[in-house]
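Protein chains: 2
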Amino acid sequence: MAELRTVFVAGGAGFLGSHFADRLLATPAIERLTVYDNFSSGHRWHLAAHAGDPRLTIVEADILDEERLVAAVAGHQTVIHLASNPDIARAAVDPDVDFRQGTALTRNVAEAARKCGVELVLYASGSGVYGDRGDALLAEDAPSEPVSTYGASKLAGEALLAAYAHMFGIRARAFRFGNVVGPRQTHGVGYDFLRKLRADPRRLAVLGDGSQAKPYVHAGDVVDAVLLAAEREASPFAVYNVATDDLLPVREIAALAVDCLGLDPATVEVSFGDSPRGWPGDVPVVRLDSTRIRGLGWRPRHDSRQAMAAALAAMRDEAHTEGAR
Amino acid sequence: MAELRTVFVAGGAGFLGSHFADRLLATPAIERLTVYDNFSSGHRWHLAAHAGDPRLTIVEADILDEERLVAAVAGHQTVIHLASNPDIARAAVDPDVDFRQGTALTRNVAEAARKCGVELVLYASGSGVYGDRGDALLAEDAPSEPVSTYGASKLAGEALLAAYAHMFGIRARAFRFGNVVGPRQTHGVGYDFLRKLRADPRRLAVLGDGSQAKPYVHAGDVVDAVLLAAEREASPFAVYNVATDDLLPVREIAALAVDCLGLDPATVEVSFGDSPRGWPGDVPVVRLDSTRIRGLGWRPRHDSRQAMAAALAAMRDEAHTEGAR
Chain A
4 MAELRTVFVA
14 GGAGFLGSHF
24 ADRLLATPAI
34 ERLTVYDNFS
44 SGHRWHLAAH
54 AGDPRLTIVE
64 ADILDEERLV
74 AAVAGHQTVI
84 HLASNPDIAR
94 AAVDPDVDFR
104 QGTALTRNVA
114 EAARKCGVEL
124 VLYASGSGVY
134 GDRGDALLAE
144 DAPSEPVSTY
154 GASKLAGEAL
164 LAAYAHMFGI
174 RARAFRFGNV
184 VGPRQTHGVG
194 YDFLRKLRAD
204 PRRLAVLGDG
214 SQAKPYVHAG
224 DVVDAVLLAA
234 EREASPFAVY
244 NVATDDLLPV
254 REIAALAVDC
264 LGLDPATVEV
274 SFGDSPRGWP
284 GDVPVVRLDS
294 TRIRGLGWRP
304 RHDSRQAMAA
314 ALAAMRDEAH
324 TEGAR
Chain B
4 MAELRTVFVA
14 GGAGFLGSHF
24 ADRLLATPAI
34 ERLTVYDNFS
44 SGHRWHLAAH
54 AGDPRLTIVE
64 ADILDEERLV
74 AAVAGHQTVI
84 HLASNPDIAR
94 AAVDPDVDFR
104 QGTALTRNVA
114 EAARKCGVEL
124 VLYASGSGVY
134 GDRGDALLAE
144 DAPSEPVSTY
154 GASKLAGEAL
164 LAAYAHMFGI
174 RARAFRFGNV
184 VGPRQTHGVG
194 YDFLRKLRAD
204 PRRLAVLGDG
214 SQAKPYVHAG
224 DVVDAVLLAA
234 EREASPFAVY
244 NVATDDLLPV
254 REIAALAVDC
264 LGLDPATVEV
274 SFGDSPRGWP
284 GDVPVVRLDS
294 TRIRGLGWRP
304 RHDSRQAMAA
314 ALAAMRDEAH
324 TEGAR
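Those protein sequence lines, which keep their order, are chains A and B.
The first sequence lines up with residues 4 to 328 when you count with this note's numbering.
The second sequence lines up with residues 4 to 328 when you count with this note's numbering.
There may be inaccurate statements among the hints.
Identical copies go unnamed one by one, so any copy, or any two together, can satisfy a pair.
[Stated by the list, open to error] Think about it this way: if two alpha-carbon atoms lie no more than 20 Å apart in a straight line, the pair counts; the simulated EDC-like pairs of lysine to aspartate or glutamate are: (1) K118 with D97; (2) K118 with D99; (3) K199 with E70; (4) K199 with D90; (5) K199 with D248; (6) K118 with E69; (7) K199 with E234; (8) K199 with D25; (9) K118 with D68; (10) K199 with D68; (11) K118 with E321; (12) K118 with D277; (13) K118 with D56.
Since the hints were derived computationally from the structure, they do not count as laboratory data.
Generate the whole structure from the sequences, applying the supplied hints.
Quick look at the structure:
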């Protein structure tokens, strides 16, 4: 990882950011890691394991505060941009949220990178850029037609970083993740199911008809993919799908959640909605072709079921200690 | 044009907006046409021909003034969104200009359309969404990798309108124009060449090495295409390339400009730069496949050379009367 000596992580106190911190701070080459987060959905306990590491600096500030952001980015070679609106379904009633907490953030990150002479930007995009393509297996060059403002903000961010890469000599890499899950997760379908079952272990109401089927990729596998792509290829801009090849239906996630809490499935009434979409803008089926990143040597260590089961088990145990935080 | 009875044109005092006004106000079905423009690059003389038409309202205000915009959009079924940063080359020194005067404008237009129950949004996108694909003939489903912030802002606008179309039941159509030229143009390569030759008829300095070759489409042909697509198809979102099939090299535009002003080519020293790009983010060759819009029956009445020659002749004559305005 020649370039990864001084790393700035925008939105770095979120769940995925904490996995980057774990991996990067385990690397002797890392001289400096700055986590910049407004803690709207990030948490200090995500980074608690590294409290004594002098290489880690945590800046509590908003990416929309451009002056502060530029000052904080200065002196870093690499920016990992993970900041995003964590509540995808909220756009149905507040569609501008993905502009304010998505598109506008990436604009500020790109400007800060340009002004500070950053060499490499690694951007967490998402499968939402493709829109609803049925059960087609989607490679990176498939047409994009977002059906959610979340997907639109991710595509807008990719487009902006591509332009900055070509115009200003910043290398940029965008990663279209399947749904990332893992320890320290604080949102998402698995998190919601555990929360609901804790509140009432006798019933679980699923958003949508349960037929939604998506890939789930473990946060550790995502970190592998991003750091692998960071060190390869000199092209100004590249996009990579990062997903497992299998799909996990929402029904099975419900069963995994029931099992994870040690509940007897016969005593839990799981109910479903009528729509194949969990919320307006939800995409019922997502299949991503990750041939490109696999071509760099990436192999996920967990399939979707393993990733989800590991995430659920970790979230269950973390919740037990939540009062102590 | 069943739906085109009450039309709001964002950025409607620009050169292309004036061609929409001409066509729409010649249509008896039009009950109301509102032109909303901050006159940063639009002109009152663009709409002077319709000064007495009671159906036309001109609102001088900024699209970034969201409250004002929403109030003005209310009561219109259709929005034509033409507002954009007119100075593409400026981004090399001020890359944020295309965010402020592009991406952010489209966000406000989309929100206004949603809040006001607009049925149809017709959006002026551009070939810049594709990026630099060499001499490949590009259909609408070709991959997008913008190399300019201008192209990035156009793609961000398309993505946002696609999401709003799918989430909120607004029909939206995006048009990736080849370079639009015609009477009342106030920027672009032809405009620049006339201005330079008027300042010094003995020499013409061309940005780039003159090898750039692009399609040029007449504003009247563009209006035809947009209004045709407006009345066809019920799908939430669609994208159309709108361009002539031929390419006009910049060298030939220089010769057309010299000829248009009645200058002797032997007395004009035309000089070129070293780069195939006129400015950072310029794309040397653009070839758009307009099969989709042709499938709706569109046939441009001018090829690239005819469109450019007509535009140059009109701009020459308009400049003669500029003092009288």
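Task: Alpha-carbon proximity context of K118 and E321, limit 20 Å - done: Neither, since 40 Å and 42 Å both go past 20 Å.
Open item on the list: When Cα atoms must be at most 20 Å apart, do K118 and D99 count as within-copy, between-copy, both, or neither?
Closed with: between (27 Å within a copy, 12 Å between copies)
TODO: Go through the copies and call it for K199 and D90: within, between, both or neither, with a Cα cutoff of 20 Å.
DONE: For K199 and D90, only the intra-copy Cα distance (17 Å) is at most 20 Å; the inter-copy one is 53 Å.
Open item on the list: With identical chains, the pair K118 and E69 could be close in the same copy or across copies; at 20 Å between alpha carbons, which is it: within, between, both, or neither?
Closed with: Answer is within; shortest intra-copy Cα gap is 11 Å, inter-copy 29 Å.
TODO: Up to 20 Å between alpha-carbons, please classify K199 paired with D68: within, between, both or neither.
DONE: For K199 and D68, the Cα distance exceeds 20 Å both inside one copy (36 Å) and across copies (42 Å).
- [ ] Up to 20 Å between alpha-carbons, please classify K118 paired with D68: within, between, both or neither.
- [x] Cα proximity of K118 and D68: one copy only (15 Å, versus 28 Å across).
Open item on the list: With identical chains, the pair K199 and E234 could be close in the same copy or across copies; at 20 Å between alpha carbons, which is it: within, between, both, or neither?
Closed with: neither (41 Å within a copy, 48 Å between copies)
Task: Intra- versus inter-subunit Cα pairing at 20 Å for K118 with D97 - done: Result: close only across copies, 11 Å inter versus 32 Å intra.
TODO: Tell me, please, which holds for K199 and E70 at an alpha-carbon limit of 20 Å: within, between, both or neither?
DONE: neither (41 Å within a copy, 40 Å between copies)
- [ ] Please work out whether the CA atoms of K199 and D248 approach to 20 Å or closer within one copy, between two copies, in both situations, or in neither?
- [x] The answer is neither: 29 Å in one copy and 58 Å across copies each exceed 20 Å.
- [ ] Up to 20 Å between alpha-carbons, please classify K118 paired with D56: within, between, both or neither.
- [x] Classified as neither: same-chain Cα gap 28 Å, cross-chain 50 Å, threshold 20 Å.
- [ ] Measure nothing new, just compare the shortest in-copy and cross-copy C-alpha distances for K118 and D277 to 20 Å and report within, between, both or neither.
- [x] neither (50 Å within a copy, 27 Å between copies)
Hints 3, 5, 7, 8, 10, 11, 12, 13 from the list above are not met by this structure, while the remaining hints are.
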